[in-house]
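Protein chains: 4
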Amino acid sequence: VTGPIWQKSDTTVDDRIMRFLAGEDVILDRQLFVYDIAASKAHVRGLARIDVLHADESEQILGELDALQDAFESGEFVLDERFEDCHSAIEFWLTETLGDIGKKVHTGRSRNDQILVATRLYLRDQLLDLVARCKDVASRALDRARAHRDEPMPGYTHMQRAVPSSLGMWFAGFAEAFIDDAMLAASTLDWISANPLGTAAGYGVNLPLDREGVTEELGFERTQLNPIYAQNSRGKFELQALDALGQALLDVRRLSWDLSLFTTHEFAFADLPERFMTGSSIMPNKRNPDVVELLRAAYAVVPGARSELESLLSLPSGYHRDLQGTKGPLLRAMRRGLDALALVGELVEQLEFDTERLREAINSEMYATDRAVELTSEGVPFREAYRRVARELDELGDRTADDSIDARTSPGACADLRLDELAQRLDSLG
Amino acid sequence: VTGPIWQKSDTTVDDRIMRFLAGEDVILDRQLFVYDIAASKAHVRGLARIDVLHADESEQILGELDALQDAFESGEFVLDERFEDCHSAIEFWLTETLGDIGKKVHTGRSRNDQILVATRLYLRDQLLDLVARCKDVASRALDRARAHRDEPMPGYTHMQRAVPSSLGMWFAGFAEAFIDDAMLAASTLDWISANPLGTAAGYGVNLPLDREGVTEELGFERTQLNPIYAQNSRGKFELQALDALGQALLDVRRLSWDLSLFTTHEFAFADLPERFMTGSSIMPNKRNPDVVELLRAAYAVVPGARSELESLLSLPSGYHRDLQGTKGPLLRAMRRGLDALALVGELVEQLEFDTERLREAINSEMYATDRAVELTSEGVPFREAYRRVARELDELGDRTADDSIDARTSPGACADLRLDELAQRLDSLG
Amino acid sequence: VTGPIWQKSDTTVDDRIMRFLAGEDVILDRQLFVYDIAASKAHVRGLARIDVLHADESEQILGELDALQDAFESGEFVLDERFEDCHSAIEFWLTETLGDIGKKVHTGRSRNDQILVATRLYLRDQLLDLVARCKDVASRALDRARAHRDEPMPGYTHMQRAVPSSLGMWFAGFAEAFIDDAMLAASTLDWISANPLGTAAGYGVNLPLDREGVTEELGFERTQLNPIYAQNSRGKFELQALDALGQALLDVRRLSWDLSLFTTHEFAFADLPERFMTGSSIMPNKRNPDVVELLRAAYAVVPGARSELESLLSLPSGYHRDLQGTKGPLLRAMRRGLDALALVGELVEQLEFDTERLREAINSEMYATDRAVELTSEGVPFREAYRRVARELDELGDRTADDSIDARTSPGACADLRLDELAQRLDSLG
Amino acid sequence: VTGPIWQKSDTTVDDRIMRFLAGEDVILDRQLFVYDIAASKAHVRGLARIDVLHADESEQILGELDALQDAFESGEFVLDERFEDCHSAIEFWLTETLGDIGKKVHTGRSRNDQILVATRLYLRDQLLDLVARCKDVASRALDRARAHRDEPMPGYTHMQRAVPSSLGMWFAGFAEAFIDDAMLAASTLDWISANPLGTAAGYGVNLPLDREGVTEELGFERTQLNPIYAQNSRGKFELQALDALGQALLDVRRLSWDLSLFTTHEFAFADLPERFMTGSSIMPNKRNPDVVELLRAAYAVVPGARSELESLLSLPSGYHRDLQGTKGPLLRAMRRGLDALALVGELVEQLEFDTERLREAINSEMYATDRAVELTSEGVPFREAYRRVARELDELGDRTADDSIDARTSPGACADLRLDELAQRLDSLG
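If you read the protein sequences in the order shown, they are chains A, B, C and D.
Mapping of the first sequence onto my numbering: position 181 corresponds to residue 181, and the numbering continues sequentially without gaps.
Mapping of the second sequence onto my numbering: position 317 corresponds to residue 317, and the numbering continues sequentially without gaps.
Mapping of the third sequence onto my numbering: position 338 corresponds to residue 338, and the numbering continues sequentially without gaps.
Mapping of the fourth sequence onto my numbering: position 376 corresponds to residue 376, and the numbering continues sequentially without gaps.
In case anyone wonders, no lab produced these hints; they're calculated from the structure.
Do not take every clue at face value.
[To be verified] According to the in silico footprint, chain B covers these stretches of chain C (three or more CB under 8 Å from chain B):
1) 158-169
2) 252-266
3) 349-358
4) 387-399
[As the list claims (entries may be wrong)] To be clear about the criterion: a stretch of chain A counts as covered by chain D if any three or more of its residues have a C-beta under 8 Å from a C-beta of chain D, and this derived list gives those stretches:
5) 262-273
6) 287-293
7) 387-399
Ideal placement from N, C-alpha and C gives every residue a C-beta, glycine not left out.
Just need the whole structure built from these sequences, with the hints factored in.
Put into structure tokens, the structure is as follows:
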């Protein structure tokens with residue numbers, strides 16, 4: 001529709017360069033557009049409060065911003081290569097519909113703080129979603145820990161059979177992991193909840209903007225005060241949000257690795273729900289745990305996005321066009337990561353275990369540690385007990401897995417899983 | 001159009017899971033489709049040579065593969081979410097148009113070797129492009145080195161003025177860099193030029209496939225023989241191609257950093273062509289070197305893609321669905337990186353320097369090293385000469401930049417740039 | 001002194017393999033040894049509380065642990081290759097000095113939870129240090145912002161002169177950055193403050209350990225309950241601590257980049273204290289800002305350590321020897337990063353600016369944005385005002401930098417830096 | 001012993017800053033010292049050829065450089081914190097022993113090209129070692145492939161049993177992998193074999209240095225001509241050497257993952273030699289495959305070192321002190337990676353397989369693909385054959401693994417492993 005905002009009459013622009021400048025920016029902006037509109041509304045109300053806009057001007061602009069959002073959501077308005085970015089699209093829409101009044105929306109702001117605030121609002125929503133999904137997984141894992149509290153399964157170290165464990169302890173382990181992940185996502189949300197709108201191009205503006213009002217209207221915890229810092233924080237806050245996502249995906253990867261092992265023919269401990277499986281194009285006999293593999297793979301988007309972002313940030317203060325490159329990796333990683341997390345709760349809930357096979361996989365040598373610890377209560381120093389048991393591994397045959405897990409009374413272990421305490425932590429996340 | 005190839009009648013598939021499985025796979029496959037078709041043709045001819053297909057069957061299939069390519073290129077056939085991936089699309093087209101004959105194309109191959117060979121062919125083209133673009137930049141930099149051989153400019157270490165240098169040496173430095181980059185891209189191309197087609201799902205097949213014939217037809221340097229290794233090399237070869245790209249982009253970043261400094265008001269050594277500049281949405285006075293900044297940013301896609309790929313590869317032997325995740329980062333990084341490189345030659349050619357200002361920026365202290373070395377020819381040990389000159393920095397005032405660079409006779413330096421030797425190296429790359 | 005704890009009589013161990021297994025582990029353990037001793041004391045007191053150790057046994061062990069700490073700190077006891085790791089050294093010392101009683105210390109624990117708790121205590125101290133150093137930098141930057149509140153300096157975007165700014169705003173920007181960094185370090189400290197001791201090899205133990213007591217004695221915020229999760233969290237918590245460090249180092253890098261530019265001959269805005277400079281081995285005339293460059297470089301240890309750690313964590317549940325590799329990158333990055341931060345406060349305090357030169361660097365075109373915003377108050381729509389000012393850039397000559405920054409009244413900008421609000425945030429960090 | 005070379009009388013140096021500047025530099029330099037000495041000798045001979053040094057001067061210096069090397073290797077001369085770096089140590093030694101003549105060694109060179117050439121010589125040796133170790137692994141894997149050519153083992157995709165495979169094919173897969181790795185290491189060696197000595201601080205020197213002579217004496221393939229490029233290549237060449245190492249370690253990781261699975265109780269396909277195993281500190285029953293796990297972990301040093309290096313390289317042209325940070329990650333990664341590789345050959349050679357168990361693990365459904373392909377020779381289109389076999393999976397019971405692998409005649413597969421061709425490729429590496 002239009003050339004770039006900054007275009008002056010005497011400039012001709014080479015198409016290839018324009019395409020390189022644009023990259024996939026405007027397509028990515030589709031994910032940020034509603035946040036840009038929301039922030040624009042807050043900006044307009046703020047301008048009205050300091051009398052830079054008349055009441056009727058701000059009303060008209062707010063009305064058209066609502067109309068634009070409706071048109072975008074209905075598909076009537078398409079954000080595409082006609083526009084340089086979502087910011088230009090907003091100004092274009094307002095100018096088309098309102099003429100001179102529309103040209104006033106950009107008073108006291110820059111695309112530099114506009115993209116910052118849109119991204120910040122976007123990150124806030126993603127982190128809220130992350131908290132919710134982690135809590136969902138944790139909650140279902142807790143339910144299953146309760147249901148399987150007393151079912152033995154072998155415990156491994158170095159992928160070698162080590163000591164008896166329980167299905168309850170396995171599920172509770174993931175419950176606690178995702179509770180911690182939710183806690184981290186929540187505190188990351190607090191940290192990034194700082195409003196950059198009103199810092200303009202990175203040096204503020206000669207207007208007494210009502211920034212506190214805008215901060216409150218947009219629901220931020222605090223105002224990011226300093227304009228230079230606001231610019232310098234681009235990428236910083238994105239990295240921290242990616243870390244929070246990454247922590248959850250690290251646990252998804254552990255879970256997926258366990259399931260990938262447990263569903264081999266050799267382990268055969270667990271079955272996936274049918275719809276989590278696919279077939280092969282050449283081997284008629286195959287049923288493959290593809291979803292579990294793609295869940296395991298999901299973490300990769302985080303180091304990918306982090307490395308890409310980090311490589312962009314070695315710069316002096318102030319805005320640089322390099323920062324445009326932060327958008328793609330952030331949006332892609334967030335979407336893929338949260339899509340993965342959205343499947344985990346159901347998987348945890350529907351996973352089936354072959355409890356008979358789990359029990360059979362506990363062989364008698366695995367009671368050695370129990371026995372060594374018992375000897376200490378007879379006064380044998382642990383290191384002595386350890387050596388004695390190592391010599392007598394074949395004398396452990398009459399023990400049972402049930403006895404072993406019943407005796408595992410250290411807090412958090414099989415006989416004392418502390419599920420209520422975990423449930424309380426989960427609830428306290430609000 | 002169709003469900004997945006492996007779908008059996010008793011399977012229902014949950015939409016959300018299907019979307020997660022698909023990811024953006026089929027959209028990415030648009031960049032691989034022509035390679036998949038080319039490899040399919042070679043596969044079909046190979047099957048005909050061992051009499052698995054009759055001559056007329058292979059002719060019909062080859063005809064339809066050509067037709068599919070035409071339809072794809074004309075936009076008549078769209079590769080989209082109707083298909084699981086590009087491989088399924090080919091089989092679908094052949095079965096639709098040829099019935100039972102079409103169902104024969106997948107004999108003796110798997111999607112596992114199909115994606116390997118398509119990616120390998122794609123990488124080969126990207127690396128050829130990389131070689132060409134590096135050579136182009138080097139060639140233009142050599143031209144400019146010749147043109148500016150005797151123009152002084154200040155040389156910096158630690159971003160501090162150090163010794164006189166020349167514009168010719170600056171351009172020649174980038175020429176040699178991109179020659180080395182082209183050399184590396186060429187040897188990487190040799191290394192990855194190994195044909196994996198004919199290894200099926202990773203264990204070969206009970207047919208005496210004519211793999212050498214296919215290797216030759218597709219123009220590979222060697223056959224990747226072992227099917228287990230063929231699978232295990234997924235990601236490995238991609239990483240190496242990304243490295244070759246990365247080496248060139250590291251030099252683009254250096255060049256861009258120099259230009260970013262040189263175009264500041266404070267340095268003011270260089271001017272960019274007008275069309276490499278843009279404006280600001282809030283500041284009417286700005287002309288910004290956005291293209292240079294995005295060129296500097298371009299390298300970031302390489303560590304981003306590398307990190308994402310690497311995170312996927314911690315796996316036992318054999319195909320795993322995790323590997324699907326290698327596709328996106330590879331294709332995105334290659335495209336962005338090569339698009340960036342495509343602009344560099346022209347930039348190097350059109351860049352303008354303010355030679356007067358370059359000359360003025362050479363102050364007299366910068367002759368200190370020259371003087372210290374001269375003293376050594378009078379028998380003063382270098383470390384003594386160094387100390388003496390440090391005490392007499394104000395006695396260097398009558399020297400000129402021209403004298404300094406004329407005397408810089410060490411091979412490769414200002415007075416002996418060895419441009420012909422660089423030109424020979426460039427030519428020898430073929 | 002001894003072979004490994006687990007060594008049985010029938011094993012011979014190949015030296016080369018042993019060296020590979022050991023790596024640099026025991027040398028790195030020197031940084032963890034005091035934490036291992038502190039945790040051992042808490043473990044011993046816990047065993048006494050549940051009557052696994054008699055009062056006099058625990059007293060003797062505690063006494064010898066204190067003696068070991070003294071001997072280590074005085075250099076009398078050297079932790080070196082004689083020991084497999086710091087855990088073995090403790091057990092060796094106790095057994096040498098106390099005989100059978102010493103052999104009891106390992107009752108109910110494993111090296112798996114021992115390394116977890118020692119690392120966690122170490123991380124806590126590092127994060128406390130990180131909080132303190134960020135607060136120190138922020139505090140000094142605030143002082144300087146107050147002192148230079150009204151001194152103009154040019155503001156840059158794209159490294160191009162953009163609008164007038166102030167030295168006060170520049171210092172305040174770093175103050176706010178390091179306040180946020182301190183806030184993040186503090187919340188990361190909360191998050192990792194979870195006691196893993198008492199989870200043994202990853203499956204708990206058949207003793208009713210008093211874990212809450214140990215948690216309290218060691219000053220942790222909560223108990224990490226689940227033994228499987230405790231193992232799975234190895235690396236996870238380390239990554240998060242590295243992120244907190246990284247956020248601070250990102251700001252150190254920005255600051256260093258600014259100073260690297262500001263100390264060029266071309267900008268010449270700032271001078272470094274003499275002792276932050278070094279010379280050259282060949283160029284007698286050079287004074288180089290090496291410290292600033294190494295501060296800029298310091299961030300690199302974080303992505304380095306993160307990538308190395310992340311690459312290790314693609315594993316199923318439970319301990320794996322791979323995890324030993326998390327130690328080196330963590331300890332190296334923490335030490336280098338905190339050493340860098342320790343220099344920044346002083347640098348911020350002692351940095352000298354050439355205020356005259358800063359003022360001269362503000363040319364008249366930089367008032368264009370001020371003028372465009374002013375026009376909006378006369379009712380000219382911003383986009384119109386922007387175009388008009390772009391045409392009349394040469395009419396801005398009678399404005400002054402002082403007027404411009406006095407008029408910059410948007411909260412956080414030059415005329416309203418909100419230093420008191422920042423000081424309050426800093427104080428509220430405790 | 002001495003303060004820094006560049007120290008002038010009026011400078012006082014703060015200890016803490018000096019420690020930060022030094023980092024661990026001089027300790028790391030121990031690995032580079034012999035290369036610095038070798039390059040110094042070539043530099044001295046070059047200076048003599050252009051008459052900057054008299055014959056007797058150069059003889060004396062060369063004699064003392066040999067003496068220094070002897071003293072260093074015998075431990076008589078210790079490179080430690082007394083020196084700023086290894087370059088200063090050389091100059092110190094020569095000045096101490098030869099007085100004024102010693103002060104002449106630094107004529108026409110800078111520490112900037114000195115560290116470049118020492119690192120380049122070091123990299124060359126590491127890459128030669130890498131080639132040798134990859135060839136050793138490949139050679140032993142080929143031997144074992146020959147020995148186990150006809151022994152069936154199950155082939156997996158998605159970690160699910162897929163089709164019959166053979167032990168010969170598994171070993172041959174790793175042979176081909178390490179042949180490719182050796183090939184890459186060799187071509188990387190060619191690429192980095194460029195002599196930077198004679199480029200001084202990055203701008204050459206006013207002496208007609210005999211650079212070709214030095215290049216030849218040091219055994220480089222070509223001279224790195226341009227001094228600016230020589231500086232800009234710092235880090236670039238190191239990254240490429242790390243990549244070559246990384247490719248080999250990726251294959252070590254695959255191999256280790258396979259062995260980690262194969263040595264579980266559940267798979268129980270393979271046994272490690274006793275000395276590749278260790279025990280547990282708490283569990284008397286454990287024998288753990290620690291070496292295999294640390295081999296799997298070894299790859300992590302490469303992305304760690306790469307990320308750290310890459311983060312340092314976003315800089316304008318010319319030397320910057322940031323580059324000092326490239327040394328540590330490079331040296332650590334090379335050492336750890338090559339130490340790991342040194343164990344792999346022996347592991348491959350001594351690994352024992354339970355061939356009975358491997359055979360039993362092939363169940364009848366795994367013949368489905370064979371059957372489907374056979375049907376195509378009866379004219380059934382493959383996709384039809386696939387569907388038919390999927391319905392009749394229980395009719396495959398009378399097939400044998402031996403028949404299946406004998407029929408796998410596609411080149412590279414079980415019945416046609418092409419070991420001679422692989423051996424030829426290995427031999428052709430020289």
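Hints versus structure:
Check result for the stretch 158-169 of chain C against chain B: holds, 6 residues qualifying (beta carbon to beta carbon below 8 Å, three or more required). For the stretch 252-266 of chain C, the assignment as covered by chain B holds, since 6 residues bring a beta-carbon within under 8 Å of that chain's beta-carbons and 3 suffice. A count of 0 residues in the stretch 349-358 of chain C with a Cβ less than 8 Å from any Cβ of chain B is obtained; the coverage claim is therefore unmet, three being the minimum. Using a Cβ-Cβ cut-off of 8 Å, 4 residues of the stretch 387-399 of chain C lie near chain B, which meets the minimum of three, so the contact claim holds.
Given as covered by chain D, the stretch 262-273 of chain A passes the check, having 5 residues with a CB less than 8 Å from a CB of that chain where 3 are the minimum. Counting residues of the stretch 287-293 of chain A whose C-beta lies closer than 8 Å to any C-beta of chain D gives 5; at least three are required, and the coverage claim holds. With 4 residues bearing a CB less than 8 Å from a CB of chain D, the stretch 387-399 of chain A meets the requirement of three and the coverage assertion stands.
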